[in-house]
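Undergrad: Sequence:
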Amino acid sequence: MPEAYFVTDLHGRKQLYLSLFKYLEKNPPDILLLGGDLFPPFMQPSEPGSPGKPDFINGFLRIFFMDLKILLTEKYPKTFLIMGNDDPRYYESALIDSGNSLWVYIHHRKKQLSEYSLYGYNYVPPTPFMLKDWERYDVSRYVDVGCISPEEGTRTFPISEHEKKWTTIKDDLTSMTENDPMENAIFLFHTPPYDTELDVGDIKYDVIDYVPVDKHLGSIAVRRFIEEKQPLLTLHGHVHESSRMSETWLQKIGRTVCINGAFEGDKLSLIRIDLEDPESAELMLLQD
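Count along the sequence shown from 1, add 7, and you get the number used in the numbering used here.
Derived by calculation from the structure, the hints in this document are not laboratory data. Among the hints, erroneous ones may be present.
With beta-carbon atoms standing in for the labels, derived distance ranges [unchecked claim]: (1) 10 - 135: 32 to 40 Å; (2) 109 - 159: 13 to 21 Å; (3) 289 - 235: 24 to 32 Å; (4) 37 - 156: 16 to 24 Å.
Restricting the straight-line Cα-Cα distance to at most 35 Å, the calculated cross-link-like pairs of lysine-lysine (DSBU-like) are [unchecked claim]: (5) 236 - 172; (6) 222 - 172; (7) 29 - 259; (8) 29 - 177; (9) 236 - 118; (10) 274 - 259; (11) 76 - 171.
Even glycine gets a Cβ: it sits at the ideal position worked out from N, Cα and C.
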């Protein structure tokens, strides 16, 4: 049976990567999936248009995976990753180049893994945070109260004004999948689906300027996509506190198993998934 491990939102915390390394060296899976927010905060820009401080990718991440590959040899897992809204797009090309033989960057791409089709997608709906490299309007140009439009904020990689203003997550998902069969499709998203037990934020205010504040922080487009297309499995992160707020990390939408692997504590949250039976997934909290 093909086994996949899913981790997400490590935010450059080396102790979490080291916990992952120690577990992988003794228990290698067939497939390893990393769901974005890979980098530490110091890689974020200090001023508009500028990158942060290098070099986590070549100075740590590549060395980490190279050592693992040398150790595991033919047991080294097929590794796929995406970026998240805290990861500056400035480093996207370095992530792609450094991954040669170690990992595959799968944003807005499809990879065939035997009978399974794997897709990746970085973008999240507008947030209150300033870095906008991986933010898109969701299904329209509406922005929730307390959030900042993708047309504002800071970017480390230039895009056209048209893309900022008019591109949506909804349209991206349509173009990425077209009419592909979804029966054995696996999606590596950073954002969770909207209005589920996987996107519940710890919101301190019920109302801002007389406008109700939504505690659900996920993507409407992703939720509708799952409801309509019914893929086998969707993997998510982004909202670290959701599992504490809702007391669950797995939810089914129709036949689709949806999992949020983000965790707000000091331990590594690792999800073990039997791809033949994803509903039986197991969450493990690991710490050196």
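Undergrad: If any of the earlier hints don't hold here, list their numbers in rising order.
TA: The structure conflicts with hints 2, 4, 8, 11, although it agrees with all the remaining ones.
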